[in-house]
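*Asks:* Here's the letter readout for the chains.
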Amino acid sequence: MARVGLADTTFARFDMASVAKKELKSLCSVGIKHRTVPGIKDLPVSALNLLREGCDVAMAFGMPGPEPIDKQCADQASTGLIRAQLMTGKHVVEVFVHEDEASDDKELAELAEERAREHAKNVYRLLFKKDELRKMAGTGKREGGPDAGPLRR
Amino acid sequence: MARVGLADTTFARFDMASVAKKELKSLCSVGIKHRTVPGIKDLPVSALNLLREGCDVAMAFGMPGPEPIDKQCADQASTGLIRAQLMTGKHVVEVFVHEDEASDDKELAELAEERAREHAKNVYRLLFKKDELRKMAGTGKREGGPDAGPLRR
Amino acid sequence: MARVGLADTTFARFDMASVAKKELKSLCSVGIKHRTVPGIKDLPVSALNLLREGCDVAMAFGMPGPEPIDKQCADQASTGLIRAQLMTGKHVVEVFVHEDEASDDKELAELAEERAREHAKNVYRLLFKKDELRKMAGTGKREGGPDAGPLRR
Amino acid sequence: MARVGLADTTFARFDMASVAKKELKSLCSVGIKHRTVPGIKDLPVSALNLLREGCDVAMAFGMPGPEPIDKQCADQASTGLIRAQLMTGKHVVEVFVHEDEASDDKELAELAEERAREHAKNVYRLLFKKDELRKMAGTGKREGGPDAGPLRR
Amino acid sequence: MARVGLADTTFARFDMASVAKKELKSLCSVGIKHRTVPGIKDLPVSALNLLREGCDVAMAFGMPGPEPIDKQCADQASTGLIRAQLMTGKHVVEVFVHEDEASDDKELAELAEERAREHAKNVYRLLFKKDELRKMAGTGKREGGPDAGPLRR
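Residue numbers (our numbering), protein chains in the order written: chain A, 1028 to 1180; chain B, 1028 to 1180; chain C, 1028 to 1180; chain D, 1028 to 1180; chain E, 1028 to 1180.
All clues given are correct.
One copy or two, either will do: identical chains are not told apart, so a pair holds if it fits within one copy or between any two.
With a cut-off of at most 30 Å between alpha-carbon atoms, the simulated BS3-like pairs for lysine-lysine come out as follows:
#1 K1133 to K1162
#2 K1157 to K1049
#3 K1162 to K1098
#4 K1133 to K1060
Since the hints were derived computationally from the structure, they do not count as laboratory data.
All chains, please: the whole structure from these sequences, using the hints.
*Replies:* Below you can see the structure in the form of structure tokens.
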């Protein structure tokens, strides 16, 4: 059975991992391993360990704040997550929702929920539906909002 | 037979991999391996895997958005792609088209198409025509627009 | 017995390691190993060595200045700390307090003390209470200030 | 016989490698290995391969554009070149000329020529004249323009 | 006998390595190994090699210019120096003096001299006086200027 690792934070203000878990369970039969860390900078080693302990793919959930220093932290976290992937040859789908992507709490929660759900679908495709992903290449998909769609010529 | 790996995204709004594939096929006989991932941050490990599975060179296609956060993501992706190259000793030709490089959809599509085609030529040269590349050194080539040409003295 | 490594600097203007040490001792029985280096850029190798010498987790304390160049140094240090974690598969909880997070010395000292204490609790949880952390996922915890709490929908 | 690897790009608008080659040949007897790649992001793996194939030192020539995105690309390339050096324990002398360092084509060409020549001298010193370099420590040398000289006290 | 590696540049406008050497010799009996490279980007591999050849700790001296591009180069150099440390498990004390830290040549020279001297003391402490460093934790030390001191509460 395929295994998916979920790494999330106590800093985030929305429980994205539960949304992703539910979505994954509705799509396929996978084992789930879930780890929670304080903040996004703690995600890279957590994702690495999940992959090394046998997960086939991981998801890393985070909710960076709106300030320049928060963007800097998100940059460090993302860079570390990419390094974790290169060390293992496995994907870590990053599900980051920046606080300044929405104008109020309600909108931010909806965005986080939707992005988590749609990236769970991506994980399902990376595991079981690679052909489907290939057909979606260059089609302007967006996670957590309306798709941009392919360019109109 | 030489093998070229193509890694692209569902986020991009133009199917650059197909353009490159067609161009490569018109220039030489190569095997093609194609993987699609959600976004540009997923490209480094995808390119790494393609190279590790036997591809001699890879192309990574992406279309970063126009916002500062998008530039940051592109930076992380590019840094990861360079690391993937250093891990394997093989080239990954990055074909990124930034949304703010063109003023409308039509122009952006034309730029993406042309850049993909010209970088496919570069891949062909890296594989089979290293001498030709050496003769082009310092001549101000541009992919997806008019060449800048050598400096006039 | 679990062991915690503490790495801090002579540059910082508050002795956060002592606060963390006291908090850890009040929560559990752990061995402590403490190293002091000049500045935050010296923390990554110090944390790495602590982990390699047998510490199960490390804390890295720093107090970056308010200027752009200070943010750049903090970025380098954080990136290095993440790399140290990926090299060992162990957590390094970063406890950085930026000088511009408070308006005067008194407030800054209080922030540093509180953040050190709350991150010591996080270290305790990472070592002994992983389930507790999982229950706190997505609840908007903040170290050194009032929690943001979960998003109101 | 010592060997020097030269990596340059088709993007650059001046053939700096030829200048460096000529200068090196006038100073000493070295073997030269020359590779041309499309752009500066392709330089790190090219330099790495040159060093791994037996070159004792490498030079990497590039001419980044004037826009913020060009600075970002140069940053990625430089970071990769430093990594290539750390992987091999050998020097890669970076010879980058930024388009905005000069006000017109003629001045830019002169700068590129002079910088390539002076860095070729540095390569010669790194290979054969380490004592000479040590005597120049802290003397404010500049490649491609008048030396700044030591600080006047 | 402990050995200290010194890596500096011909770009810098002050001979900081000599100051550090003198200070180290006055404090303890150590072997010194000194390498000079063109610029700060050449320091990481130089420091790495010094450490690999048996130095117990290294110092890296540089004097970045005042422009944004200079800050970017300093960032690359510092990141590489941190990586060199992580690769060896040894400290490289970075002694960078930014040209815009002082208002004229005289002040800059004094700053460079003082910073080199005080960081030489740090190297001495890292080698022989770790307890002394631990007592200085969180006391607001500054190299090359008046100490900030601990926060007043």
